[in-house]
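**Student:** Below are the chains, spelled out letter by letter.
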Amino acid sequence: MKQYFLILLVGTLVLSACRKDEIDKFDGPSLTDIYGEFSVFTTFDVSLDSVNFTTGETVYFTAQFSKSVDWKIKITGQTSGAIKVLTGFGSSISQSTSTWIGEITEFPIFKNEICDVELSFLNEPDVFIDQVKIIGTKTNAGFLISDFESGFNAGWTTFVQSGADMDFQIKTDAFAPENNSYFNMAGTVDWDYLIGYVYFKASAYGAPHYPLSSNPNNEYFNIMLYGEPGTTNSIMLFQFTEDEDGNGGHSTASEDMYSQEILVNWEGWRLISLKYSDIPCLVNGQPAAPNGNGVHNSDKITSVNMLHLANPASGFAKSKIDYMIFTQNGPLKP
Amino acid sequence: MKSFLLIFFCCLSAAAFSQDGKKVQFVGGARSLISHGTLDPEAEDTISRKKSTGGYALIDLGFKINPNAQTEILGMIRIKNDFGGFWGAGVTFDVRQLYVRGVAGKIVRYQIGNIDYKLTPYTFYNNDFDLQMNSSAALRVKEDVNNYESFATNNNTWRQQGAAVDFGLNFPKVIKEVKFNAFVTRLNPSNLANIMERLYGGGNMIIKQSEFLTVGLNHVSIFDLKETAVGTPAYKNNVSTLTLASTLNKENWRLNINGETGFSSAGLVEDTNALTDYFVNAKASFELKKIGLTASLGYMNNGADFRSFGAQSKRINYNQVNSYFDRYTNDQVLRSTSMYDLYNDPTYYNASISTGIMVFNPAINNVLPFGVATFNRKGIYTSINYQDKKKFVNLDATYYRLSEVRGQGTSEMKKFDFAKTKLDINVSNMLDWKKAQTINVGWAYQATNRAPSPFGGVSLTTQALQVGGEFELVEDLFLIGNYSYFMSRGNELLAVRDVDGTIVNFTEYHIQARESYYAAGLRFNFSEDVYLSAFYERNGNSDSGLNPYALNQVMIFYVMKF
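Top to bottom, those sequences are chains C and U.
All the letters of the first sequence, read from the start, carry residue numbers 1 to 334 under my numbering.
All the letters of the second sequence, read from the start, carry residue numbers 1 to 562 under my numbering.
So here's chain C without its partners, still in its complex pose:
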């Protein structure tokens, strides 16, 4: 009988080890989210009336709902027309899901301006409106080659063909995706691919090389490119010349030059970001072996050459650029 009671004891212990009710858990999506009625428990609100992104301030949005929903916050600059979209799924919007650091989703870039903020939902008709004022725009870490706000740098080299309707100059108008100015390139050259170029030499900034690290996997070249509506023939060629022997210059015959061709066949502004180590060596537009050591020496770039090309048979070509910047560890997030 002693043994038997021992077994009973063990059995009782086993039974007492049974789990507690999982009353706070459930499997699958909430039935409330599927079948419940939508309502707003806490109204949509903005954490700051005015935000200075330049000083590192951020702004976030809050709201609480009766069920989990797909929500979308669209921030639109009243002056610039810049757009930032935040999306998420849940029964609340909080700092962790809606912090805005001043970046954009669609060009142009925000200015110091009043922004309209609109909260909407995927499957609900409700819309909530608020506003936030930008008193300092977001700054971007990196080496800025130019945003064309300070005019043409005397250290740059330029050449423009003598074709028809040529227009190679900095313009200041509402087209600018960032701040107020950009570089405009246009013209018809029916005898050559080259319409014009600008060489952005490192020497224009007081040094033989751009101040980049030696790791080409960490260095990104970024530029805002504008595709003119009605034209798809602009070709932007970016060349990166290296000074491998450290003599302060670039020798095409014995040193590397990496090139990236971009056919501008879209409309409007677009951010192009290139990791330096991904940029190939091109000869006449075709991949080729570099003439130098074959290593992407990002710390030895002497010049960024920008050439505006177009098929001479294709007629008038036009494009714009703005905000050329080298960033580290990732593409630019304007």
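Honestly, the hints are just simulated from the structure, not real lab data.
Honestly, I wouldn't trust all of these hints.
Calculated Cβ distances over 10 Å to all of chain U for the following chain C residues [stated by the list, open to error]: (1) Asp27; (2) Gly56; (3) Asn123; (4) Gly163; (5) Ala164; (6) Gln169; (7) Ser213; (8) Lys275; (9) Asp299.
Mimicking DSS-like on lysine-lysine, the simulated pairs with C-alpha atoms at most 27 Å apart in a straight line are [claimed, not checked]: (10) Lys415/U <-> Lys283/U; (11) Lys25/C <-> Lys415/U; (12) Lys118/U <-> Lys422/U; (13) Lys25/C <-> Lys236/U; (14) Lys391/U <-> Lys434/U; (15) Lys67/C <-> Lys415/U; (16) Lys118/U <-> Lys50/U; (17) Lys176/U <-> Lys80/U; (18) Lys176/U <-> Lys118/U.
Every residue, glycine too, gets a C-beta built ideally from N, C-alpha and C.
Based on the hints, put chain U in the right spot on chain C.
**Tutor:** Relative to chain C, chain U alone:
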């Protein structure tokens, strides 16, 4: 040391395979079926065929070879001929069974090839099919055919292909004996591309301390063989359990305590979020020997994430499309699977283990769709068994009162009630008649409920009744008859799962189904294993009242086992 342990089995096993000294024996079975069925829909139907006639003859011919007293080889082929097909058309040849078994070194018993295997209800177990109650008469004839075709035995084994070994050790002190069982089978072969070789292996160690106490350690694992496919992550499902059985046997009464507890993990090998959970199931039974009454009370708690596909695979494949009068009415609606179809069509039955949560029919079994190892169930169960000394009545009744461990879509949990009863009445024993007269009754009731606040309310009820009788008119000639009734009504929110078994949505399920069945006919027993049975059956079916229909069928079975 030589008295410390004693290896046994050898004499017993050797005797088992000697087969009366015959080197070669023929074993197998034969069956022939002729049937004629008609479909009688209430709605206008000028498109579908209303009658179906067919039949077949088959023979399973096995050669059992005993090259020596310790070895047995069985090879069985099937020749099947659909009536009307000759000279190749309609004739099929299949290999039905192959194995080698024997005793190695007079110590280890082994079997290679086809093996019928099981371990425990939570590790490796072929559960009875949904709402199986007490089939008799015509339904028993059909159920026997289905079981034979799907290799299902009365012992809840799964037919697998692989190898199994077992051996035992006897001890003079402390422990009486220890038995070891191990197996490995192949669930699916690699396609040499993106599907890996999947195996199922495991075993147990049963320690019998005395007549009073037996403890078992069990482990099974479904696993992929790495590098047998490219770019596919390997899967695993491990289950380890501890079983305990204790018996206190007195002159007038006996007390049994049985239990099993363990844990499982399931998921990709490199997935740190693999599902893990555990279960407990314990039962105490008290038997009054003089009265023939046994009462049991048990408790079970199966975690919501407990996965043991060797014990949770269903015998019925509800993805199977109805092949018997599959469409009807002028709208050519699909005829949904009914209880009648589960008896009528052997192709509904699985012969393999499925690695994943199988589809189930909530109208037929919503409480324990994956057997006693069904995950996300907890509660008590009780049963009564009564067998009078004259063997006039045998009553078996079980009731489960369960709930979910974890809610689905809501923290509100579903509650389940499940009652099932089997009653066998042997009229011959009561009246001292020489001719066999038996009546078998089965009844099952299931209810699923969840409070309707504020939504997600569930109320689903299922009830099934089976009555069958076999009455011997003259020697070996039986009048057989059946009546059965099935109904299910209410609503449920069914979980929609992704390929990993995670619930991603819910679908509303509404049912208002009613089904009745009766059959009458004769059966003549040529011997214990050979009989001829002919019967007429009618099944009336109303699924949500939309497209009621009736099926009438005459069937003639000739069944032989040798």
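**Student:** For which of the previously enumerated hints does the structure constitute a violation, in increasing order of number?
**Tutor:** Numbers 1, 16, 17 - these are the hints that the structure violates, sorted from lowest upward.
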